[in-house]
Amino acid sequence: MTRTSTDQFRRSFAWLVAVLLVLCAVFVALGYLQGPRLTDAQVDTQAVTSRSGQQLRLFANQPVAAVAADQITVTPDARVSVTTDGDVIAVQFDQPLHYATDYVVRVEGVHSISLPQTSTLEYRFTTSAPELFWLHRAQGADDQIVRTGLTGSDTTVVFASERIVEFAVVGRAIAVITVDGDDRTALQLVSLTDGAVETVPLPGPGTLSDLGASSAAFVLGVVFTPDGAQDEVLGGRQLLTLDLSAGRTFVPVEGLDGAPVAVADWRFVPGGTLLVAQSSEQTMLIADAAAPGIPTPLGKFAELVGFSSDGRTMVVRDVLGPISVNLQDAAQARIEPSPVQGVTPFVGQVVPLSDGGLVEKAAVPGAAGAFTVALVVDDGSAGRVLYTTPDGKGSIETFSLSPNEQFVIAEVVPDNESTVSDGYPQKPRSTSIRTVIIDLASGEIVKTLEGFEAQFAG
Amino acid sequence: MVWLVVGVLGIAALLVLRFAVEPAALPNRLQDLLTLSISVIVESLPFVILGILLSIVVQVWLPEGLLMRYLPRNPVARRFCISLFGIALPVCECGNVPLARGLIVGGFTVPESMTFLLAAPIINPITIITTHQAFGFDDGILVARIIGGLAIANIIGWLYSRHARPYELLTPKFAAECARAEGDDHHHSRWGKSLDIFVRESSAIMPALFIGALAAGAIQVLVPREVLVSLGSNPLWSVLAMMVLAFVIAVCSNVDAFFILPFASTFLPGSIVTFLVFGPIIDIKMLAMLRTTFTTRVLIQLTVMVGLLSALLGLVVNVVA
Numbered sequence: 000m001t002r003t004s005t006d007q008f009r010r011s012f013a014w015l016v017a018v019l020l021v022l023c024a025v026f027v028a029l030g031y032l033q034g035p036r037l038t039d040a041q042v043d044t045q046a047v048t049s050r051s052g053q054q055l056r057l058f059a060n061q062p063v064a065a066v067a068a069d070q071i072t073v074t075p076d077a078r079v080s081v082t083t084d085g086d087v088i089a090v091q092f093d094q095p096l097h098y099a100t101d102y103v104v105r106v107e108g109v110h111s112i113s114l115p116q117t118s119t120l121e122y123r124f125t126t127s128a129p130e131l132f133w134l135h136r137a138q139g140a141d142d143q144i145v146r147t148g149l150t151g152s153d154t155t156v157v158f159a160s161e162r163i164v165e166f167a168v169v170g171r172a173i174a175v176i177t178v179d180g181d182d183r184t185a186l187q188l189v190s191l192t193d194g195a196v197e198t199v200p201l202p203g204p205g206t207l208s209d210l211g212a213s214s215a216a217f218v219l220g221v222v223f224t225p226d227g228a229q230d231e232v233l234g235g236r237q238l239l240t241l242d243l244s245a246g247r248t249f250v251p252v253e254g255l256d257g258a259p260v261a262v263a264d265w266r267f268v269p270g271g272t273l274l275v276a277q278s279s280e281q282t283m284l285i286a287d288a289a290a291p292g293i294p295t296p297l298g299k300f301a302e303l304v305g306f307s308s309d310g311r312t313m314v315v316r317d318v319l320g321p322i323s324v325n326l327q328d329a330a331q332a333r334i335e336p337s338p339v340q341g342v343t344p345f346v347g348q349v350v351p352l353s354d355g356g357l358v359e360k361a362a363v364p365g366a367a368g369a370f371t372v373a374l375v376v377d378d379g380s381a382g383r384v385l386y387t388t389p390d391g392k393g394s395i396e397t398f399s400l401s402p403n404e405q406f407v408i409a410e411v412v413p414d415n416e417s418t419v420s421d422g423y424p425q426k427p428r429s430t431s432i433r434t435v436i437i438d439l440a441s442g443e444i445v446k447t448l449e450g451f452e453a454q455f456a457g
Numbered sequence: 000m001v002w003l004v005v006g007v008l009g010i011a012a013l014l015v016l017r018f019a020v021e022p023a024a025l026p027n028r029l030q031d032l033l034t035l036s037i038s039v040i041v042e043s044l045p046f047v048i049l050g051i052l053l054s055i056v057v058q059v060w061l062p063e064g065l066l067m068r069y070l071p072r073n074p075v076a077r078r079f080c081i082s083l084f085g086i087a088l089p090v091c092e093c094g095n096v097p098l099a100r101g102l103i104v105g106g107f108t109v110p111e112s113m114t115f116l117l118a119a120p121i122i123n124p125i126t127i128i129t130t131h132q133a134f135g136f137d138d139g140i141l142v143a144r145i146i147g148g149l150a151i152a153n154i155i156g157w158l159y160s161r162h163a164r165p166y167e168l169l170t171p172k173f174a175a176e177c178a179r180a181e182g183d184d185h186h187h188s189r190w191g192k193s194l195d196i197f198v199r200e201s202s203a204i205m206p207a208l209f210i211g212a213l214a215a216g217a218i219q220v221l222v223p224r225e226v227l228v229s230l231g232s233n234p235l236w237s238v239l240a241m242m243v244l245a246f247v248i249a250v251c252s253n254v255d256a257f258f259i260l261p262f263a264s265t266f267l268p269g270s271i272v273t274f275l276v277f278g279p280i281i282d283i284k285m286l287a288m289l290r291t292t293f294t295t296r297v298l299i300q301l302t303v304m305v306g307l308l309s310a311l312l313g314l315v316v317n318v319v320a
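Listed in order, the protein sequences are those of chains R and E.
Per numbering that gives the first Met the number 0, the first sequence runs over residues 0 to 457.
Per numbering that gives the first Met the number 0, the second sequence runs over residues 0 to 320.
No wet-lab data here; the hints were simulated from the structure.
Glycine residues also receive a C-beta, built at the ideal position from the N, C-alpha and C atoms.
Everything hinted at is true.
Which stretches of chain R does chain E cover? Using the computed rule of at least three CB atoms under 8 angstroms from a CB of chain E, they are:
| no. | region |
| --- | --- |
| 1 | 9–18 |
| 2 | 27–33 |
| 3 | 58–65 |
| 4 | 75–89 |
| 5 | 103–115 |
Counterexamples of contact, computed for chain E against chain R with all Cβ distances above 10 angstroms:
| no. | residue |
| --- | --- |
| 6 | VAL41 |
| 7 | PRO45 |
| 8 | ALA76 |
| 9 | PHE79 |
| 10 | LEU83 |
| 11 | ILE127 |
| 12 | HIS131 |
| 13 | ILE145 |
| 14 | LEU194 |
| 15 | ASP195 |
Derived Cβ-Cβ restraints for the label pairs, each shown as a range:
| no. | chain 1 | residue 1 | chain 2 | residue 2 | range |
| --- | --- | --- | --- | --- | --- |
| 16 | E | LEU221 | R | ARG171 | 53 to 59 angstroms |
| 17 | R | GLU197 | E | GLN132 | 37 to 43 angstroms |
| 18 | E | ALA12 | R | ARG9 | 43 to 49 angstroms |
Working from the sequences, and respecting the hints, build out all of it.
Below you can see the structure in the form of structure tokens.
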């Protein structure tokens, strides 16, 4: 009996070992026949529409051999570069992606570092839809900052006040300059999360103007003109920065001499905390709002026009016309607009595109031989009219691009003959001003807003 | 008692050597050996003592037959319930050895005690929490570890339940202790018995821990880790390499997930699971400690069986995860 039972254990042990060996062999074979698989992926569907260089990180179930960019296809098409580290394939988008769009990223021919079996990794994601904010100056009622989406007609008033001069979206808040009955300006912060309003104490009695916000940090910039400084250079216009994550202390931007600089104009460079200020001597100074110090001069120019969305190129103007300045190496090149319908246009505002093209506000040949102001997309060889006001009666005041260059945001006055100014002490605008959102690729107007200062967020 | 003194003196000597002697005076390899060995001891000692105390509670202080009373009569269900005991015991594998010995003395069968011993270090709450912190639910590593650990423990419990003479699985010395305990119940007070068990278990376990820690330290010093890492992406070799690594490193199951986390980007997930399942059951320190209780033949059988089951688990995870 005992021997039989002991044999039973031995037989069970032997059978179990045999079965396990067979199963192990089967799964080893399956393992050798299988290429790498995708186990996880990470992408910030919001950041990927607003900044270049964002990554889709694909996690394989094993370390993989280096992947080349030509193994990757993105639908709809997007330029990418790629790095591989262990089991992570990082697909970097060289340009921001389109809003609210389904993307498919396929990586073909992926194999592990030790086995030749290949596989295709595929990941699908949908980019986030943006939020649009704009300023609506009501006649006889409070002004409003309104939020809406790119599609649909739903709107939300996020802030209302007697007179709103300008505003800027900064993180999940908006900074607003308002004017009271005595024409005194105030800076208010409005939380987009809970609507809480905070009034930021000013550095002294004076006036605020030219508000701007970094697109990458919780930092504001604003021009402060102290009372009683009319006799100073440019009326004493100081550029102040305010790091909202560090407190409520304004920091003046310094000039080359280390003293606060008087500025004629200024802008944040898209995608960071760098800013360019034009001094009273027309010198363009580049400074970092996150690291105050002596700025770097970029040369003297008559006007600061703007930046490309990727923050690599600045456009300035001298008496002969627009000039692009590469902010990496300070190289300058005069902008020569391409002909529109065979005629070289006169260009005003110019914004460079990251693919080397331009969007221009230009005077182009009209129907009866007259010239009409239009928005033109210049691909380097020819200009294409993107937008003109209805019947050519109106004017295009200014325009900008969405952070991903998918849309042009144009402020227009539909009819110049009937326009009436709202009479604001700062930034007066026509009471009939509109903002049109135009698809850069198709020229289609996707949205029209009753107001101005439209800004994309998210 | 003699072994207890030897064990304590050995640990003390290691600590004195490590901290009293100027590090620069020792060769690098010896410094590494001391550091690695002491780290294993320091990491394990609290759990060993906790395990001995729990063993005393089971043997002396719990009402006789309390645990038995609530367990199912069906052997398979009974072993499964026993394999879940570890959920309530935050003790790693070292502490479970004295506790498993206590269960045998307290009336559990050898396969039942073995089932507990193999499952408990994997499903104890600290191990589950640290594994989750390290890996979350990525690649099914946590789930595979828990389910795999329970499955391996119950399969081996079932296997040894088919043995006709389970006491032959035990070392003669421990079998004698069990027999003595059965006939010696009423000769001492509870406190006296507790002290007696503490001294006896410490004498058995401490030297094993001491020797096992030294062996683990020595092998880590002598075997280059790069050799193991270079095998990480091969479906078979990665699993085998992780078993060897687990055997050599002998890291406590409560923290092994953090130890292996840096390897997760270079090794296949299945091999990580193999490390996390094989290591708590079979490593050089555990074999030294298990040798206080089981015969060499049983330890070889256990090593083969746990090795195959862990490897299969890892290979399956590699294919399906």
